[in-house]
Amino acid sequence: MTKQSAQFEPFTPKTISLLTEQGDWAGPFKLDLDQATLKRFYRDMLAARLLDEKFTILLRTGKIAFVAPHSGHEAAQIGLAHALQRGHDWFFPYYRDAGAILALGVPLKEMFGHALATLADPAKGRQMPGHFGSKSLNAFTPASAIASHVPPAAGAAISMKLQNTRQVSVCTFGDGATSEGDWYAGVNIAAVQGAPAIFVCENNKYAISLHYSHQTAAASVAEKAHAFGIPGYRVDGLDVLASYYVMKDVIERSRQGHGSALVELEVYRFGPHSSADDDTRYRPKEEVEAWRQKDPILRFQRFLERQSIWTKDWEESLRAEIKAEQEAALQEAISAGEPPVEWMFDDVFSEMPWHLEEQRRLVTDELS
Amino acid sequence: MPTMTMVQAVVQALDEEMSRDNRVVVMGEDVGKRGGVFLATEGLQQKYGPDRVIDTPLSEAAIIGAALGMASHGMRPVAEVQFADYVFPGFDQLVSQVAKLRYRSGGQFTAPMVIRMPSGGGVRGGHHHSQSPEAHFAHTAGLKVVVVSTPYDTRGLLKSAVRDDNPVVFMEPKRLYRAIKEEVPSQEYLIPIGEAAIRKEGKDISLISYGGSMVETQKAAEELEGVGVSAEVIDLRSLMPWDKETVLASVAKTGRVLVVSEAPRMASIASEVAATIAEEVLDSLEAPPLRVTGFDTPYPYAQDKVYMPTVTRILNAAKRVLDY
Ligand SMILES: Cc1ncc(C[n+]2csc(CCOP(=O)(O)OP(=O)(O)O)c2C)c(N)n1
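Chains as they are written, first to last, in this note's numbering: chain Y, 485 to 852; chain S, 16 to 339.
It should be emphasised that the hints constitute simulated quantities derived from the structure, not laboratory data. Every residue gets a Cβ at the ideal spot worked out from N, C-alpha and C, and that includes glycine. Don't take each hint at face value.
As the list claims (entries may be wrong) - Straight-line alpha carbon distances no greater than 27 Å define the calculated DSS-like cross-link-like pairs of lysine-lysine that follow:
1. S:Lys48 - Y:Lys769
2. Y:Lys608 - S:Lys320
3. Y:Lys619 - Y:Lys593
4. Y:Lys498 - Y:Lys547
5. S:Lys259 - S:Lys334
6. S:Lys48 - Y:Lys689
7. S:Lys259 - S:Lys234
8. S:Lys320 - S:Lys215
9. Y:Lys732 - Y:Lys498
10. Y:Lys523 - Y:Lys732
11. S:Lys62 - S:Lys48
12. S:Lys320 - Y:Lys547
13. S:Lys218 - S:Lys174
14. Y:Lys619 - Y:Lys732
15. Y:Lys769 - Y:Lys523
16. S:Lys62 - Y:Lys769
17. S:Lys320 - Y:Lys593
18. S:Lys174 - S:Lys259
To be verified - Cβ-to-Cβ under 10 Å is the rule here; a few derived chain Y residues that face chain S:
19. Leu621
20. Val772
21. Trp775
22. Val847
Please construct the entire structure, taking both the sequences and the accompanying hints into account.
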């Protein structure tokens with residue numbers, strides 16, 4: 485039965501998927517995205533992948549100290565980023581969301597500035613790489629502490645409801661995060677308040693070395709929604725169209741006052757947990773290889789090729805364009821220069837108490 | 016004698032205690048199959064199995080709270096918190112449950128457990144991988160607190176911590192995990208909790224420190240030696256209880272003292288030690304006791320090296336004390 489529009493039922497026995505692995509549309513409704521949008525999705529996915537590669541090169545050459553690779557998460561992240569109303573809705577990302585941040589429109593120069601801790605970083609180099617945020621795009625600066633952003637995401641949603649702003653709060657995290665007390669506390673308060681919060685698990689099956697089967701006895705993250713009294717959706721996060729359409733549907737329902745939801749986007753992390761990790765210690769190479777065969781970018785590419793949108797030439801020029809853009813942004817970020825040392829004493833409070841003034845003086849004297 | 020790093024000393028101590036006493040279990044995030052993110056539990060799950068080296072879900076409240084339940088029921092858990100910065104989701108368990116169990120039950124229930132955690136800065140980890148939260152623990156009645164600085168001490172103190180009948184927060188400065196290799200006896204040994212170590216004898220000034228800052232403190236002492244100043248260097252090792260006797264005896268001898276620590280200054284261990292010195296041996300002091308500490312800002316990523324007390328900062332303070 486063909487539906488009129490993209491509306492989804494929660495708690496489906498099967499994972500929601502709209503594209504087959506061969507790249508055929510298998511949705512129960514008519515695809516209503518124009519060519520430009522489809523191309524945009526592809527471009528963003530590719531840019532996210534190339535950004536991951538660029539960060540890895542910077543890491544190897546000692547320019548940055550840390551990377552949390554997001555390869556394998558592109559479809560999920562680009563899909564969800566496009567489902568948000570950019571600059572209106574709020575996004576509470578975690579450290580693996582560089583792809584979503586990019587698709588949301590955070591300037592590349594800022595992203596490189598952050599990774600390199602230069603003056604191009606709006607956060608003034610305060611955090612380690614991978615913690616991208618943007619005040620102007622309502623992307624809440626992440627904290628590394630897993631799940632600590634879930635209650636704040638709920639709080640922002642409660643404020644949206646109280647102020648009737650017709651915004652939503654979208655909060656992402658990994659499967660490991662769902663074990664933290666903060667996670668339960670946050671989802672619960674949003675749910676009971678009927679707040680427009682959408683909690684999105686990018687389930688890549690691992691929390692560093694711990695496999696999902698040791699993280700929880702629940703068969704899926706989505707079904708945990710039952711316990712909070714909110715709908716839960718299990719979605720193929722390697723399918724950018726499924727990720728987009730489900731997020732869009734869920735977001736719009738929350739916006740209309742139907743409360744919170746939990747979405748599980750099933751993905752796989754192709755790289756190690758982070759640049760500090762050696763994933764061969766806990767997962768077989770063959771497993772990784774098998775998942776790489778399901779590359780979300782290739783799946784979407786096949787789809788676009790069938791629609792006569794993707795061609796080899798386009799791919800090549802797109803890659804060249806993205807790489808040039810990234811290199812230019814990197815150079816701009818580098819030439820912005822390093823934040824002055826004494827900046828470390830700013831922003832602890834809105835004003836500087838005497839003890840911080842003393843400590844700042846100690847440092848400036850020492851350096852002069 | 017074999018040589019080992021601090022991280023190997025952790026593995027060795029745990030291995031020895033696990034084979035000595037089968038009530039000892041290790042639990043935490045990634046401690047089993049992965050051997051810990053710093054490899055501080057490497058090989059233990061292969062040797063003792065997944066029931067004694069438990070890969071836990073990602074929840075510090077579960078790790079610390081469940082360890083307490085197991086301890087009260089007769090086991091000797093060694094819980095790992097992946098970074099000291101991540102103790103906070105488990106802080107309620109630590110403060111409300113672990114620290115107070117003995118007291119609130121009038122001694123009927125006890126919590127013989129260790130909560131290990133890599134701590135401190137210097138690894139470009141930003142504020143969520145660099146903090147030194149020891150003052151929170153020392154401020155919480157009922158927790159013993161140890162911060163190690165050498166492989167030798169790590170092995171001896173961790174073994175004592177496992178055998179202690181109280182909860183012990185055991186902090187391992189991560190920047191030292193592989194920085195120092197040291198000869199360690201092949202036979203087992205214990206180092207009592209509560210005793211400081213005099214790393215270098217001296218008569219002109221006492222430099223009191225612990226943990227990661229021992230490195231810069233010892234370097235500063237060498238430089239002072241070069242300009243004819245004889246510095247005594249004390250490594251506190253245990254912060255709760257701390258070795259007041261050794262510290263006061265040293266200060267009584269030298270009359271001049273710096274307390275050095277990379278932890279933030281406000282309400283710190285350094286402040287506590289300095290205050291005690293002022294209260295108890297004021298008459299022996301030739302100069303006010305000075306603190307050389309981390310700053311009262313969150314640990315900044317971009318200024319990783321500036322945040323922690325540098326050798327220069329220690330020497331500048333030493334000069335103030337010596338010229339007083
Ligand atoms: C409170 C807390 N505990 C531990 C850590 C260390 N740590 C960083 S990432 C991670 C695993 C997270 O896994 P998951 O939530 O599944 O997200 P993924 O990294 O797989 O995307 C852990 C244990 C942390 N950052 N915060």
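Evaluation of the provided hints:
no., hint, verdict
1, S:Lys48 - Y:Lys769, "holds (16 Å)"
2, Y:Lys608 - S:Lys320, "holds (16 Å)"
3, Y:Lys619 - Y:Lys593, "holds (15 Å)"
4, Y:Lys498 - Y:Lys547, "violated (44 Å)"
5, S:Lys259 - S:Lys334, "holds (25 Å)"
6, S:Lys48 - Y:Lys689, "holds (15 Å)"
7, S:Lys259 - S:Lys234, "holds (24 Å)"
8, S:Lys320 - S:Lys215, "holds (26 Å)"
9, Y:Lys732 - Y:Lys498, "holds (19 Å)"
10, Y:Lys523 - Y:Lys732, "holds (18 Å)"
11, S:Lys62 - S:Lys48, "holds (11 Å)"
12, S:Lys320 - Y:Lys547, "holds (16 Å)"
13, S:Lys218 - S:Lys174, "violated (33 Å)"
14, Y:Lys619 - Y:Lys732, "holds (23 Å)"
15, Y:Lys769 - Y:Lys523, "violated (32 Å)"
16, S:Lys62 - Y:Lys769, "holds (24 Å)"
17, S:Lys320 - Y:Lys593, "holds (25 Å)"
18, S:Lys174 - S:Lys259, "holds (23 Å)"
19, Leu621, "violated (21 Å)"
20, Val772, "violated (16 Å)"
21, Trp775, "violated (19 Å)"
22, Val847, "holds (6 Å)"
In the structure shown, a violation is registered for the earlier hints numbered 4, 13, 15, 19, 20 and 21, in ascending order.
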